[in-house]
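Visitor: Sequence:
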Amino acid sequence: MRIALSQITTGPEPEQNLALLREQADRAAEAGARLVVFPEAAMACFGTPLGPIAEPLDGPWATEVRQIAKDAGLVVVAGMFTPAPDGRVANTLLATGPGVETSYDKIHLYDAFGFAESKTVAPGSQVVTFDLDGVRIGLATCYDVRFPELFRAHADAGAVLSVLPASWGAGPGKREQWDLLTRARALDATVWLAAVGQADPAASGRTTTTSAPTGIGHSALIGPDGTVRERLDAEPGLLVGEVDTEEVAAVRRSVAVLDNRRLGVRP
Numbered sequence: 005m006r007i008a009l010s011q012i013t014t015g016p017e018p019e020q021n022l023a024l025l026r027e028q029a030d031r032a033a034e035a036g037a038r039l040v041v042f043p044e045a046a047m048a049c050f051g052t053p054l055g056p057i058a059e060p061l062d063g064p065w066a067t068e069v070r071q072i073a074k075d076a077g078l079v080v081v082a083g084m085f086t087p088a089p090d091g092r093v094a095n096t097l098l099a100t101g102p103g104v105e106t107s108y109d110k111i112h113l114y115d116a117f118g119f120a121e122s123k124t125v126a127p128g129s130q131v132v133t134f135d136l137d138g139v140r141i142g143l144a145t146c147y148d149v150r151f152p153e154l155f156r157a158h159a160d161a162g163a164v165l166s167v168l169p170a171s172w173g174a175g176p177g178k179r180e181q182w183d184l185l186t187r188a189r190a191l192d193a194t195v196w197l198a199a200v201g202q203a204d205p206a207a208s209g210r211t212t213t214t215s216a217p218t219g220i221g222h223s224a225l226i227g228p229d230g231t232v233r234e235r236l237d238a239e240p241g242l243l244v245g246e247v248d249t250e251e252v253a254a255v256r257r258s259v260a261v262l263d264n265r266r267l268g269v270r271p
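Start counting at 1 in the sequence shown, then tack on 4, and there's your number in the working numbering.
In short, the hints are calculated from the structure, not lab data. Keep in mind it's a predicted model, so treat the numbers as computed, not measured.
Here are the computed distance ranges between Cβ atoms for each label pair:
(1) Ala254 x Pro60: 40 to 46 Å
(2) Gln130 x Lys74: 23 to 29 Å
(3) Arg233 x Gly138: 20 to 26 Å
Quick reminder that beta carbons are idealized off the backbone N, C-alpha and C, glycines included.
Could you build all of it, start to finish, from the sequences and the hints given here?
Guide: Set out below in structure tokens:
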């Protein structure tokens, strides 16, 4: 399966970001991709007040994303914000396109490094996968990458690819942690991992004064053996790569970490 990782820098205006998503989806389709993955907060960058922009999954922003996917003839995964029952919002991934319609609410909230996502964002609770061209794909978001059990749950549900939209926080050692964690999650769940971050705003020519996590770039397509197959740098870019699903079976035969588990094994 050919997939595209769209590393962009979104701004605070959801409508303006839709134009960027459309342009990138069209480029991905021209490259033959069946799936294009956008970062977390593709709807609006962090540092934007989230309550006023949050919309339900049948609202105008998501509806336009569906139209973008339909027009391009591929499946789109994009990060947005939806209203939560308690007055907060959910940090939601919308997956939509021909034969696909589902969403995932981020389970693990970024209450770390001095940032408290849970003040404005309510956590999700459901593991979500979807099927595209006979390939099962799991959904995860940013800080989820620090929790290997989620990616093993994808594998237990039959996924051979996990997609990880993110808006990674900058800071000392954070790039190294991103690299380590993304490779580890692919390796310990023996899945392909498409880790798609917001580009570094500075590399996009934008000045930011917020302490919110606004991205560092370095999106990567990682094989089920934990090796990086393709990677972007800090600036915006579109990475198109091939996911060989048969390689997952080969790696699992060689290193059967899922079968060899003794702790946390599914019932």
